[in-house]
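All chains should be modelled from the sequences, with the hints used to inform the complete structure.
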Amino acid sequence: MNTSLKDRVTAWAFMAPALLVLGVFGLFPIGYAFFVSLHHWRVKRGPFVGFEHYHRALGDPLYIALFVLSLGLFCAVRYWVKGKSLWLRVTRIGLEVATLFAAGAGLLGVIGSGDSRLFDAFKVTAFYAVCAIPAEVAISMILAYLLFKALSGKGFFRVLFFLPYVTPMIATAVAFRIIFSPHPSSLANQIGGVFGLGSQGWLFESRSVVSLVLQAFDITQYPAWIDAAFPSMALVSVVLYNIWVYVGYDTVILLAGFSAIPPHYYEAAAIDGATAAQSFRHITLPLISPALFFISLIAVIGTFKAFNHIYIMRTPGARDSVDVVSVAIFDQIYLFHNLAYAAALSLILFAVILGLTFVQNRVLGRKVFYGD
Amino acid sequence: MVTDTAEGAGTGRGSRADGPAAETEDARGSIADTAAQRAAKRRLAAFLTYGGLVVAAVAASFPFVWMLFTSFMTRGETLRYVVVPASVEWRNYVRAWSEANFALYFSNSLLIAAVQVGGTLLFSLMAAYPLARMQFRGRETIFLIILATLMVPETATMVPNFLTVAWLHSHSPIPWLNSWPALTVPFMASAFSIFLLRQFMRGLPGELWDAARLDGAGHVRFLFQIALPLCRAPLLTVGMFTFIGSWNALGWPLLVTSTQTWRPISVALLRFVEEAGAETQLQMAGAVIATLPVLLLYALIQKEFTAGISVSGMKG
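If you read the protein sequences in the order shown, they are chains Y and R. Using the numbering used here, the first residue of the first sequence is number 918, and each one after it goes up by one. Using the numbering used here, the first residue of the second sequence is number -4, and each one after it goes up by one.
Treat the hints as calculated values from the structure; they're not laboratory data. A portion of the hints provided could be inaccurate.
[What the hints assert, rightly or not] According to the in silico footprint, chain Y covers these stretches of chain R (three or more CB under 8 Å from chain Y):
id, stretch
1, 59 to 65
2, 131 to 143
3, 146 to 156
4, 220 to 231
5, 275 to 281
[Unchecked claim] Here are the simulated lysine-lysine pairs, DSS-like style, with alpha carbons at most 30 Å apart:
id, chain 1, residue 1, chain 2, residue 2
6, Y, Lys1071, R, Lys298
7, R, Lys298, Y, Lys1066
8, Y, Lys1284, Y, Lys1001
9, Y, Lys1222, R, Lys298
10, Y, Lys1071, R, Lys36
Only a predicted model underlies this, so the values are computations on that prediction, with no experimental measurement involved. Ideal placement from N, C-alpha and C gives every residue a C-beta, glycine not left out.
Here is the structure:
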């Protein structure tokens, strides 16, 4: 191929519409959001206020500095202090613990002095991710393995499993809002009744699952932090819905991963006398790891982006216990018309997502086997 | 497998005491035994496999069945412990359709989705082509920049995009707010679509282009007459994703539509659920209506779609 002027013009002309749209509505907004966040901005632009909104969200700048600096030091220690002598290793571990401790203290300070609503939203998001992702991945791993082993009916099951993922979430979330209603005749209560579960408040229950368990054992006196330290019943209901939606998608991805493993690897292992568990550990797991990594990455980003179904499934009874960060940000825009504060919050969320993706890449990504 | 070997060793030890003749007979017997056992084991494995799959299939599909059943119930039945309605109440659908003005929102959503899918397919195909098959300076940089937009969460773009659209509304000849441009244009190019189409087009054989050029075709004709028909599967995947995304959009339409004229079905369903409160059967009728177009599309292109998803996952 030559790179004549005509070809270059053609190439850029072909890309122009997409680049225009992506530039104006995908990249430019980040800079614009920062600009907005530095002003007082409700419907129209107000006076310049500098970092006031970040101050309101994150609290004392000293704590922020402590947190960021200690995290930076921690990374520096990890990458620069190397060596095998005992001294170096002890120093290294000591420095790591000290910097992490300082970062933790900084984070606690930030949480203590910042916007409590924002940190509640981050807490809910973390609960949501921690409850949903492991369960989602484990179930889809089992299902993909079963589908892989199944001799016939693969296509049929795959279509069925995929149905919850393709069906518009606006419709299924509305349905699950009624399935998880506190009425004794609701589907969730009927199914729970089969397993001996009493009538529950489900999406309308703001108390944590742990305090509900305590209550079932007639313990009515429990410290208040029990409700704050565990996900609410309402959030667990949302998590169950989330698992129902995404298991099918993960299964299809993992099934493709399983099917891509050359069968002669297993034959060779069988000849060498490997047990089923051994060939799973040493063949299946390493070769499926890219697909596992991909779905866990998508799942983490997905929980931080989650909006539609949570917005539909939030109830007055659940109070703020299902409001993830994106819902809290949307409230700032739609309910309070505080565009500047919403812009500041959304940039904080963006930074957190970037940081998490980076950490996930470093920690999990290292264990991923891409072949040789 | 472990038990097989253990048993084989056991019979071997027993037969040594009985002499060579018995050994062969025993060995034959043990082979028959293990064959029968293997068959039993295979049956058990198949039973467990299909048992697990059927349980999962029921869990995946039961909420849909429940949705459908509930949409046919009378108001009384929804409040009692009823799973299957005594008679089919078609009137629920008529009521949901007319009372909630679903006809308008349904056609709004269809129009919005059509514009968005059409725009996305055209723009993404055009952008993916030079990225996959032409040589020019800055190609890799541009591709990386496009991929970087995948990291930006929608909430981060919401405020500035709203302001941009409001500005365009007052500075362009056509209205943007409360109309289709605000609902479709910002989503007309997606990094994911461009990525998927580029990956696919890179796989097309180079001889096609050589042959086309010999016949006097330029890039435009090659793209639309030769490459386009070959990209059927990834285009369907991208189209389906765009359609679902458009049909599902909730937060953005809430911001940019304050009147009914262009309100999509997602917003209408949310309002309907908030207002129709206790009328579960009507809500479910509305929800079923809202799922129909997507399910219909999925039924039509199910094969290409699942194949496309698998590919997108494999390539990361």
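Which of the listed hints are not met by the structure?
4
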